[in-house]
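Next come the chains, spelled out residue by residue.
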Amino acid sequence: MKKHSSVKLIRTAVQIVFFLLVFLVVIGHSLEESGISIPFLKGASLHAICPFGGVVTIYQYITAGTFVQKIHEASFYLMIIVFTTAIIAGPIFCGWVCPLGSFQEWISYVGKRLFGKKYNHMIPKRLDSVLRYLRYGVLLWVLVMTAVSATLVFAAYDPYYALFNFWTGEVSITGFIALGLVIILSLFVERPFCKYACPYGALLGITNLFRIFSIRRNPHTCISCGKCDNACPMNIEVSTKSKVRDHQCISCLACTSEAACPIAETLELNTSQPGKKEASHEA
Amino acid sequence: MKLNAKRTAAVLVVIILGGILILMVSGLWITESSKVPVLISEGEFAGMADPGDIRGSYTFGDIENSFDVPSTILAQAFALDTSEKNAKDYKAKDLEIFYEDLDIDGEVGTDSVRLFVALYLGMSYEAEETSLLPNPAVNILREKGVLSDELFQSLKAKSVSPAAVVELSDASTVGISQVHSSDSDEMLIKGKTTFANLLDWGMTKTQIEEIIGKPYGSKSQTVRDFSLENDVEFSEFKDAMQKILDTL
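From first to last, the protein sequence lines stand for chains A and B.
Taken in order, the first sequence gives residues 1 to 283; the numbers are from the working numbering.
Taken in order, the second sequence gives residues 1001 to 1248; the numbers are from the working numbering.
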């Protein structure tokens, strides 16, 4: 029991650190816009520290050598840094860093209280499996429209931007609607924006196909209790796979032997199958 | 080789925060525009800064540095009050807030600044359909002789009266210079007509100062008060000014 809560504790601590960091930087920026500067706090706009900004500006950078308006070098380098982490361990950014992901997760505690075991299992599986690909449509739309207009078209619909700028007067009504929907849906579904609409999650999700460290299951020691399936916020059936390649995995480690799985060294974020070394020694 | 929660957290912190730290130390962590617009690569104006690259975060001071358009001219064009805030400190994006209460189809914002700067420099610029210029901006461009009659008429038809903004909003909270809105449509000089009214109606600062013989002080001062202060017959100023207004 203790080991399970320690995983949660570590991940929550990391999430809080990054959430506060983004919040402080954006607050600093708001204050600077009003002519107030805080010592040791260098403000920046949310766009400037968003790695997805680097992604949407790639086309303009290649064709014109410039960035899309409001995007700067920092976004571009952050994109490279986050891609590096994704190649190592998949969309770890989504599960551990993204403040909007964390925000949805924190709201989910209320949903879990309200609906118990029904929480995160309310959408029919067939519909759910189709909706999961919606985010690739969003990604394509954002990339094309940004390339065509050379402006951040997604900002007007981005709940993340709305969450961290709701006091600035710069958030459009569609942004507030998107944020409101995310909050309401999070009471029924875990991470609804990540699952169905996040364009950056869609892109990072592709790294699940070739990441270096993967969630791997040892079928020899697995007792098929299904606890890993229940623990997965993204509803992935981990218990049926020897290696999780699902495009929705966010590397949160909630399913692993360190957390939900009751058998040691059976489910791990690993470069090879858990227990393989030991098994070969025994042989 | 496996990653547990502690190692995963460490990997994230080291790569992300460490990466940012390295970028900061090496001067590559840039989170705001360098305020240096891209240069036009071809055509008649090749090598000159591109007004189309003006960002909302550019101050009028930045624009002055890059395009050699005086910040005071920009402030005058967009009817901004420079008595409490220096013209150089206004940002292009401030205009969206100042003019937001105006009930019109279109907006005065960063793209309006791009349009004004381009035209001021004699360049062509394809502005967004919704972008508008305030009356003083159109008049400054006309006075500078950079507008054809056709373009002047087209800009004039779509121009915005800054006075209307002040009517619709609390003038003390916006940066628009406080223009008396009375008689704003009649273009008829009366006792309560201010210098701001004259500018709004289309007279240029130069034209006004040529008539009154020296720079005026506050734009919100009435022409009659100014004439009384300077021992000049009000009708003297009034007639000369009205003559110009009648031609506009």
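Since the hints were derived computationally from the structure, they do not count as laboratory data.
Among these hints, one or two may not hold up.
[Unchecked claim] Derived lysine to any residue pairs resembling SDA-like cross-links, with alpha carbons at most 20 Å apart:
1. A:K42 with A:Q60
2. B:K1192 with B:K1144
3. B:K1002 with A:S239
4. B:K1093 with A:K112
5. B:K1002 with A:H220
6. B:K1002 with A:K42
7. B:K1158 with B:E1233
8. A:K42 with B:I1030
9. A:K8 with B:N1004
10. B:K1093 with A:I27
11. A:K243 with B:M1001
12. B:K1093 with A:G28
13. A:K42 with B:S1026
14. B:K1214 with B:F1234
15. B:K1035 with A:A150
16. B:K1144 with B:T1222
17. B:K1006 with A:I16
18. B:K1035 with A:Q69
19. B:K1002 with A:T168
20. A:K241 with B:K1002
21. B:K1093 with A:A264
22. A:K243 with A:A264
23. B:K1006 with A:V17
24. B:K1205 with B:K1002
25. B:K1093 with A:G180
26. A:K112 with A:G28
27. A:K42 with B:Q1221
28. B:K1002 with A:R126
29. B:K1002 with A:I183
30. A:K42 with B:M1024
31. B:K1002 with A:V138
32. B:K1091 with A:G275
33. B:K1085 with A:S34
34. B:K1093 with B:D1081
35. B:K1085 with A:S37
36. A:K42 with B:L1017
37. B:K1091 with A:G28
38. A:K8 with B:A1009
Taking the earlier hints as the rules, which of them does this structure contradict?
The structure breaks hints 1, 2, 4, 6, 7, 16, 19, 21, 24, 25, 26, 27, 28, 29, 31 and 32; every other hint is satisfied.
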